[in-house]
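The listed protein sequences derive, respectively, from chains A and B.
Here this note's numbering is used: the first residue of the first sequence is 1, the next is one more, and so on.
Here this note's numbering is used: the first residue of the second sequence is 1, the next is one more, and so on.
No lab work stands behind these hints: they were computed from the structure.
Please note that a few of the clues may not be correct.
The list treats identical chains as one, so a pair stands whether inside a single copy or across any two.
Stated by the list, open to error - With a Cα cut of at most 27 Å, we get these calculated DSSO-like pairs of lysine-lysine:
| no. | residue 1 | residue 2 |
| --- | --- | --- |
| 1 | LYS151 | LYS15 |
| 2 | LYS123 | LYS15 |
| 3 | LYS151 | LYS123 |
| 4 | LYS166 | LYS15 |
| 5 | LYS151 | LYS166 |
| 6 | LYS170 | LYS151 |
| 7 | LYS170 | LYS15 |
Protein chains: 2
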Amino acid sequence: MTSQSYPITPRNRVKRAPERGSYDHATVHAILDAAMLAHVSYVLEGQPFCTPTLIWREGEVLYWHGSSASRMIRHLATGVQACVVVSHVDGLVLARSGFNHSANYRSAICFGVTELVNDPEEKMAQLIAATDRFYPGRSRALRAITPQEVKATGVIRMPITEASAKIRAKGVGDDEEDGNHPVWAGVIPVTTVLGAPQPSSALLPGLVMGADMAPYAPGRRLDEVLTETQAVYERG
Amino acid sequence: MTSQSYPITPRNRVKRAPERGSYDHATVHAILDAAMLAHVSYVLEGQPFCTPTLIWREGEVLYWHGSSASRMIRHLATGVQACVVVSHVDGLVLARSGFNHSANYRSAICFGVTELVNDPEEKMAQLIAATDRFYPGRSRALRAITPQEVKATGVIRMPITEASAKIRAKGVGDDEEDGNHPVWAGVIPVTTVLGAPQPSSALLPGLVMGADMAPYAPGRRLDEVLTETQAVYERG
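When you get a sec, could you build the whole thing from the sequences and use the hints?
As structure tokens, then:
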């Protein structure tokens, strides 16, 4: 792996179970790109706030959007420290002791300073990305974005200045002397999957899904679909 | 519904799409109880931090635990404001305009002040709850908790002082005039489900899963299983 690494600082260093930690861009990006939902944390008048939000990534920049009038967007527009977290639960780990119960997971924690996207070209490009990163090419088929919609939406960008990934992906970690304790132990996999599409009741007769929706086949894992659509989006 | 309500304050009031907001205990609890993963946000030296964490609820108190030596536990033990968020993604909502794309979701945001559980009886009860709330009765079958494990674990309690729920659970919300735009629109359901159990390779011959694991049948939705095990745990 020749991937670059994020700097390791007191803020992002993985102190507990450091063998699960990673700082290279590729590992962090893979966790981010497999998600659409992130938790964005910030401080307002000394109080912590956390907002679940759709995010997307271009290179080393995370983007998200919201109503221009919302508390989150108005505050982040002033340029503040934020902490953006993406988490995937991959399995429940059942051990012979309570202490060794665990979960398999992938999480990425990113730190940076937020700013409002003011440049009209970047803003329009990112409003389009908010659709096309998830449904490649879809924006061309949609009703065009109106000036009022642009005005009503605030787009936030946060260059990632520090980040770390933490991954547990293995079997049960029992103490050796617990091996003979007579209780079932093992891993129960957890996946997030897509169901059968429910077409809008007002759909024009004969309309079918376009190529933008091809990856979203029923039964597929959402994290795999999102990884795939990010790659398609990046190829352009 | 005769459920009590949380106070509505500038901090927890749902300002955007207020018709999706709710403050009653029953609605907030249902969202919390359907999850095991929460995102815990706090402020340390002016910087926001967010830690993905296993949580559980007893009445109006949220509990979580971690290594006594971890930054999060040591800081929260000093009694600080925290913001605990639980989010479920239930569907992708594809509209005829980018602006009206959305998601179906259930989220709960809880505010409170954290404290370390110091009382030995409450601490032991909550270490047991950390297993039994998810796998009812399992603690009795496990190797007993040791004094060293109790010492190595910090349990945090946070009485919920303010909270709100936000739910979107409906079809596409297109502008009326977009109804004839020729692009597929609809909802793609998203669920988080359990896979087939992977027994530990070191399992004693003939050992099968106990009643504690009965709810965790392959294919079931994790949120439904967790709602069910919380109810079983509360019945005692």
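Within, between, both or neither, where LYS151 and LYS123 count as close if Cα-Cα is 27 Å or less: within (10 Å within a copy, 52 Å between copies)
Between LYS123 and LYS15, at a C-alpha cutoff of 27 Å, which is it: within one copy, between copies, both, or neither? Between. Shortest inter-copy distance 24 Å satisfies the 27 Å Cα cut-off; intra-copy 38 Å does not.
Go through the copies and call it for LYS151 and LYS15: within, between, both or neither, with a Cα cutoff of 27 Å. Between copies, since 18 Å is at most 27 Å while 43 Å is not.
Pop the pair LYS170 and LYS151 into one bin, within, between, both or neither, using alpha-carbon distances up to 27 Å. between (47 Å within a copy, 26 Å between copies)
As a check of your reading, is LYS151 near LYS166 (CA-CA no more than 27 Å) within one copy, between copies, both or neither? between (38 Å within a copy, 24 Å between copies)
Intra/inter-copy verdict for LYS170 and LYS15 if alpha-carbon distance must be at most 27 Å: within (19 Å within a copy, 42 Å between copies)
27 Å Cα threshold - placement of LYS15 relative to LYS166: Answer is within; shortest intra-copy Cα gap is 11 Å, inter-copy 34 Å.
When held up to the earlier numbered hints, the structure conflicts with none and fits them all.
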